[in-house]
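Enquirer: Chains as they are written, first to last, in our numbering: chain G, 346 to 759; chain B, 346 to 759.
Think of the hints as simulated: they come from the structure by calculation, not from any bench.
Yeah, the Cβ is synthetic: ideal placement off N, Cα and C, and Gly gets one too.
A couple of the hints might just be wrong.
Claimed, not checked - A few chain B residues facing chain G, derived, Cβ under 7 Å:
#: 1; residue: 393
#: 2; residue: 548
#: 3; residue: 566
#: 4; residue: 568
#: 5; residue: 633
#: 6; residue: 643
#: 7; residue: 645
#: 8; residue: 647
What the hints assert, rightly or not - As a list, the in silico DSS-like pairs of lysine-lysine whose alpha-carbon atoms are at most 27 Å apart:
#: 9; chain 1: G; residue 1: 424; chain 2: G; residue 2: 483
#: 10; chain 1: B; residue 1: 380; chain 2: B; residue 2: 358
#: 11; chain 1: G; residue 1: 623; chain 2: B; residue 2: 424
#: 12; chain 1: G; residue 1: 430; chain 2: B; residue 2: 623
#: 13; chain 1: G; residue 1: 424; chain 2: B; residue 2: 623
#: 14; chain 1: G; residue 1: 623; chain 2: B; residue 2: 430
There are 2 protein chains.
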Amino acid sequence: MLELVDVGPRPLKQYEPIVGEEVVEEIRELAAPLKGARIAQINATTYGGGVSELLRSIVPLYRGLGIECDWKIISAGPKFFTVTKALHNALQGAPYELREAARERYLMASTYNAQLLEAEYDFIIVHDPQPAAMRYFKGRAGARWIWRCHIDTSEPNEAVLEFMLPFLLEYDALVFTMDHFVPPGLEHQRLATIVPAIDPLSPKNMALDGGICDEIGAWRGIDPNRPLVTQVSRFDPWKDPMGVIDVYRLVRKEVPGLQLALLSTIAHDDPEVWDMYKILVDEVRGDDDIHLLTNLIGVGDVEVNAFQDCSDVVIQKSIREGFGLVVSETMWKETPVVANRSGGIPLQMGDGVGGFLVDNTEECAEQTLYLLRHRDEARTLGLAGRERVRQRFLITRLLADELRLVSSLALRST
Amino acid sequence: MLELVDVGPRPLKQYEPIVGEEVVEEIRELAAPLKGARIAQINATTYGGGVSELLRSIVPLYRGLGIECDWKIISAGPKFFTVTKALHNALQGAPYELREAARERYLMASTYNAQLLEAEYDFIIVHDPQPAAMRYFKGRAGARWIWRCHIDTSEPNEAVLEFMLPFLLEYDALVFTMDHFVPPGLEHQRLATIVPAIDPLSPKNMALDGGICDEIGAWRGIDPNRPLVTQVSRFDPWKDPMGVIDVYRLVRKEVPGLQLALLSTIAHDDPEVWDMYKILVDEVRGDDDIHLLTNLIGVGDVEVNAFQDCSDVVIQKSIREGFGLVVSETMWKETPVVANRSGGIPLQMGDGVGGFLVDNTEECAEQTLYLLRHRDEARTLGLAGRERVRQRFLITRLLADELRLVSSLALRST
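Could you build all of it, start to finish, from the sequences and the hints given here?
Expert: Have a look at this one:
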């Protein structure tokens, strides 16, 4: 048997005060025909990363709806995960020479996990490249199979895509995060797009009262009486934290006393982030109004939440971005965002909703300054941002999309 | 100039609702003669570890009292810190061969930092071994010097202690965390003990409303309707997380549905913790009621706070412990503790206050079970625990102790 992650049920009703009765009712209607259906959601890991966060939120909701949804984890050794990490990066465009040993490692573990998977499901949703070949080795097994790709495969390493294609083509549906992320030339009778979403009840997004936010900020060294701009993102060159510091310095000329917080998670196995962290430590030395806040000093999801909440402006200066869901996280707190026009960001905000889209450092500084000086307008943008998230980027919408997709597969003849 | 960490002032008044008018008044009286005095607090790092957490809390309080207190950081390269890490471990008893190159590295950086230190302070409080030799190289410089040792030096590596002694003996006072931590044979005219303390306004200890605690637990997979025991400690053999799992399994025989949460910070440069983490992951596989929660998945200070708060019993099963301040953190939340009789733990709790002291796994299981079955008594113990912390282990008491020490040095003739 594949390992089960028992997350228990969560009643959809908990979301009703946030999304409204109508949305809850719609989801119940979508779920009704699937009552009693057995769904497996399969990924590589219980903890860490966006996919496990998503499953931790959505699997209990399925269960709360009376759908038997199991979250299953594949089983494999570290060498397998070294290979799949390389495949993952290669599908996002990194150079990689796929050797025979790596192929074998991947195929062997996929066969093994396919055998471990119980043949008792009506629908099997497989996430990302690690477990993707299970369908191929398992056969249909009486189920409808969905591959859910969470990464940007718009410019994949061609050899790796070619290796993966036979496994992907076996699925009944392939789901991508944005149309733009679909690999060029991929043809499949059922290509779908489901944009990601945030869980308004998770520690990162739950409602905190303003007092707690200010206390957290104050203890971390933020003066609540002076303006604060923040960026929440990995210390990674593509997120351009150095550019954010440039923006801060430009704006600070006009707004003395401005403070900057840069929040990042630092993973042990991410040397690039470590290098960037050290560069940033050197860069900010001597300026006590720049705060580098990381998980290394106890900054966790709730504190990210608090900083997104209590900042005057949040910047997302990514040069390259996946979907950039952190923008929706921020908008959910009614905080105005100034963000680079990259990845999925323009899909989430802009045109009078949530903040301003920009294309370079000068524009970013200009619009940040503008928001700091036009508080009423900033507030209006922030309010519209939250409303946009409520309409389009909450987990309930994603759940509805998934239920629709699953139902549509159920209806098709075998 | 040594690098300054600008943390701003924090009014003592913020603590009055917690500690009472009398304590605040006493601190004001202790501070009054020192008004205008200039104090430097010197340590090795702005972020990470207990000392920087302490300074982040206490330096603003000095400033709020009208005492000019600067937090200063020494400046040195990575090789220096490799040496001081070894010295630190050796002073705690680890084997270490102190080579000439290491001595030189340490002395060179100490001389350099002594030169960087401005000669404008009345009192200089130096924390831990890294900056300890600065006094030796700086000379008195018109100031009173205090060395504040935060580690257990009761069984030091003798060669390293011998190397450090000349630097330590130059201080006007040496402060240890517990009498028991003073190195054997150390003679000094002014040896003091100041036990550590928690900051009730920090993210780890601030008041959270119960709803938030339960929401955080629920999202992390805890069923609020079933009992929960927790241990918060590094995944380190000395903290005996495997023993905690044994306790959980023993108690679960009597209390079906019992849940266990093990919370730890995992540092990138701590291979022992990584090894233990992997062992634990294997150990808990298949039991979804054991939760390994770390900073890697966004568990930060506020979430540690929430888990200490919403647990039915917190275990601290350390085989060896320093002061074990996490016990006071827990007691502050009125949660009963079952803890091994090790390090500074018996100083904090026991005898009807805070919970039960135990000596082995069976006793630990027995007392945990007892507390789960005797809720009223557990509540009474918890309440007494919070009161004990309020009296003895809050940052205000530590501040008063430090002010008394500083004043006493001021009174002595030069």
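Enquirer: Now tell me if each hint is right for this structure.
Expert: Okay, the hints, checked on the actual structure:
no.: 1; hint: 393; verdict: holds (6 Å)
no.: 2; hint: 548; verdict: holds (5 Å)
no.: 3; hint: 566; verdict: holds (6 Å)
no.: 4; hint: 568; verdict: holds (6 Å)
no.: 5; hint: 633; verdict: holds (4 Å)
no.: 6; hint: 643; verdict: holds (4 Å)
no.: 7; hint: 645; verdict: holds (2 Å)
no.: 8; hint: 647; verdict: holds (4 Å)
no.: 9; hint: G:424 to G:483; verdict: holds (22 Å)
no.: 10; hint: B:380 to B:358; verdict: holds (17 Å)
no.: 11; hint: G:623 to B:424; verdict: holds (15 Å)
no.: 12; hint: G:430 to B:623; verdict: holds (19 Å)
no.: 13; hint: G:424 to B:623; verdict: holds (15 Å)
no.: 14; hint: G:623 to B:430; verdict: holds (19 Å)
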